[in-house]
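Chains as they are written, first to last, in my numbering: chain B, 1 to 208; chain X, 1001 to 1193; chain H, 2001 to 2229.
If you are wondering where the hints come from, they were derived from the structure by calculation, not from laboratory data.
Where chain X lies over chain B, by a calculated footprint (3+ residues, C-beta under 8 Å):
1) 20 to 29
2) 73 to 84
3) 102 to 113
4) 192 to 205
No residue lacks a Cβ here, since even glycine has one placed at the ideal position from N, Cα and C.
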Amino acid sequence: MLDDKITSHTFWEGVWENNPVFVMLLGMCPVLAVTNSTINALAMGLATLFVLLSSSLLVSLIRNWIPKQTRIAVFIIIIATFVTVVDYVIQAISLDLYNALGAFIQLIVANCMILGRAEAYASKVPPAKALINALGMGLGFTIALLCLGSVREILGSGTLLGFDLFGENYQQWIVMILPPGGFFVLGGWLLLFEWLRERKEQQEATSE
Amino acid sequence: MEPSSLNFIFFNAFLANNFVLALFLGLCPFLGVSGKLDTAFPMGVATMFVMLISSVCAFFINQVLVAYGIEYLRLISYIAVIASAVQLVEMILKKFSPGLFRSLGIFLPLITTNCAILGLALFQTFKEYNFLQSMVYALGAGAGFTLAILLIAGLRERLDLASLPSITQGAALSLMIGGLLSLSFMGFAGLGS
Amino acid sequence: MTDTQTTGQPLEKPSSLRMIVSLTLVSVLSGMAVVMVYLYTRPIIDENKRLAIEAAVLTVIPDSAGFVPFELEDNTLRPATDSPGKGQLFYAGYDQQGQLIGLAAPANAQGYADKVYIIYGYRFDCECITGVKVIKHAETPGLGDKVITDKDFVANFDALDARVAADGSALRNRIVTVKHGTKSNPWEVDAISGATITSRAIGRALDIGAGLLLPQVMKFRQQLEDHQP
Chain B
1 MLDDKITSHT
11 FWEGVWENNP
21 VFVMLLGMCP
31 VLAVTNSTIN
41 ALAMGLATLF
51 VLLSSSLLVS
61 LIRNWIPKQT
71 RIAVFIIIIA
81 TFVTVVDYVI
91 QAISLDLYNA
101 LGAFIQLIVA
111 NCMILGRAEA
121 YASKVPPAKA
131 LINALGMGLG
141 FTIALLCLGS
151 VREILGSGTL
161 LGFDLFGENY
171 QQWIVMILPP
181 GGFFVLGGWL
191 LLFEWLRERK
201 EQQEATSE
Chain X
1001 MEPSSLNFIF
1011 FNAFLANNFV
1021 LALFLGLCPF
1031 LGVSGKLDTA
1041 FPMGVATMFV
1051 MLISSVCAFF
1061 INQVLVAYGI
1071 EYLRLISYIA
1081 VIASAVQLVE
1091 MILKKFSPGL
1101 FRSLGIFLPL
1111 ITTNCAILGL
1121 ALFQTFKEYN
1131 FLQSMVYALG
1141 AGAGFTLAIL
1151 LIAGLRERLD
1161 LASLPSITQG
1171 AALSLMIGGL
1181 LSLSFMGFAG
1191 LGS
Chain H
2001 MTDTQTTGQP
2011 LEKPSSLRMI
2021 VSLTLVSVLS
2031 GMAVVMVYLY
2041 TRPIIDENKR
2051 LAIEAAVLTV
2061 IPDSAGFVPF
2071 ELEDNTLRPA
2081 TDSPGKGQLF
2091 YAGYDQQGQL
2101 IGLAAPANAQ
2111 GYADKVYIIY
2121 GYRFDCECIT
2131 GVKVIKHAET
2141 PGLGDKVITD
2151 KDFVANFDAL
2161 DARVAADGSA
2171 LRNRIVTVKH
2181 GTKSNPWEVD
2191 AISGATITSR
2201 AIGRALDIGA
2211 GLLLPQVMKF
2221 RQQLEDHQP
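Please construct the entire structure, taking both the sequences and the accompanying hints into account.
Right, dumping it as structure tokens:
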């Protein structure tokens, strides 16, 4: 079912067709919790991308040496290690960013997307393929975070990446950067994609 | 109320800082399993149970880590010990109480990878709760999770009967309901201060 | 149990020894990796934290040329070391001539969502609190976080009365937060309407923090003045 050949699908699957957030609904906690500004969303996306890439590569490299019964435990330890590394690196880069993301960096461990990829994909294919797929998935995840983060920041603060967009008189839609806004904006994106998909299906149906 | 009082900790985790609706922890089961009231309740109870176990584990691991000054191993040891503890409980339950296992046990493996569990362990450490406070915090968080999942399951059962545009079927609708619930739970914020 | 279902292959039974060895090996290796990263990043993180504290202290006592961290524990004062104990930490600020002008100290209180952490500056000449900087908070954006930006609220701390009572046991007047527009005494904090709870949290943090620290510091004032930065 999984062959070793690398195709464009290996990469693009994660970005679009099986986007971890919009299609598979994985890793919801960080998606909603840290996307109240674009910069937080970007940092979280990149941190997750790094953990996903390195854990996929390592899992794929050692996939034949790990006894089946202990593999989940091994995967979890590997992921937790990389997350701890990211946690300290972010602290070293910027304390402000670290304070903004809070415990959610450490909670990358519990992001079901990463364990899911390790178990269902990386442990069954050679390193190169695992790496390319992880890159696609991680990018798809980061893009999804940015979709939410930018919309929420523009509506909720009237800024994008900290730059003022609408001037003094903009009445900020504060609820968008509060928890409910996360639910609403993600729900909105899902509705939009569903609507596009349905319209495409209808067009195909009528053209036949 | 004093922030360290047990009442405050319970209600803070139960309502004002509800794990699902304010902190977004444990959303996977919230979106996945919460379609029916009869599965939502045991799921919530099982989660509360796992939260208590992991809270106890996390408390003692942290004592050890702090004593040896090796806090940087916190994340790895938390996740390893909590996962094994839950598995152990699952085995014990299966052996000694098959009835209980059938009603709660099937949810256990699913719950272990739930970020609410690890989140609870991390937050109680950051807040420097003592043993009793940690237990109360876990109870409050578990009760809050159960409440949120019950509310959304009830709403979704009602919506099954409503006629809705086809594009709103599925996760989008759950998220919108979640948003409204989250909005109403914001009314609890500041409780006791 | 799910192994056979997901992979479709029959389970071969490896020896327990192999399982234990592989798990141990992975744990040891990951532990070592974490330790290495920790050792490498710790100096950078400590430096970042020190710079953040320095910047915060300088915002609350702007005219200090240098400051020295002290720790007050069980009625004894000593310069703070790298491994802080359980005592109250504060930073004594000195001017160019080495004269003691004020101090900065951290404090916290429960706000709307979580604890609000602040650092406040105190000046000996006016015996008042002259600046408050919010270090960490989880308050509602756009409402609670006005305590950082709202000019009228920040003006509360131009000179907030924090005189120590004559018997040296407590503040002469406890710092209280009052409803917006009703401030009538120099020891009152005028709350922001719409962010009353966060305003109150800051008032309470000051009342508890300064109320405990300042009376004690007065006993050691000579020792602080003699200390050269």
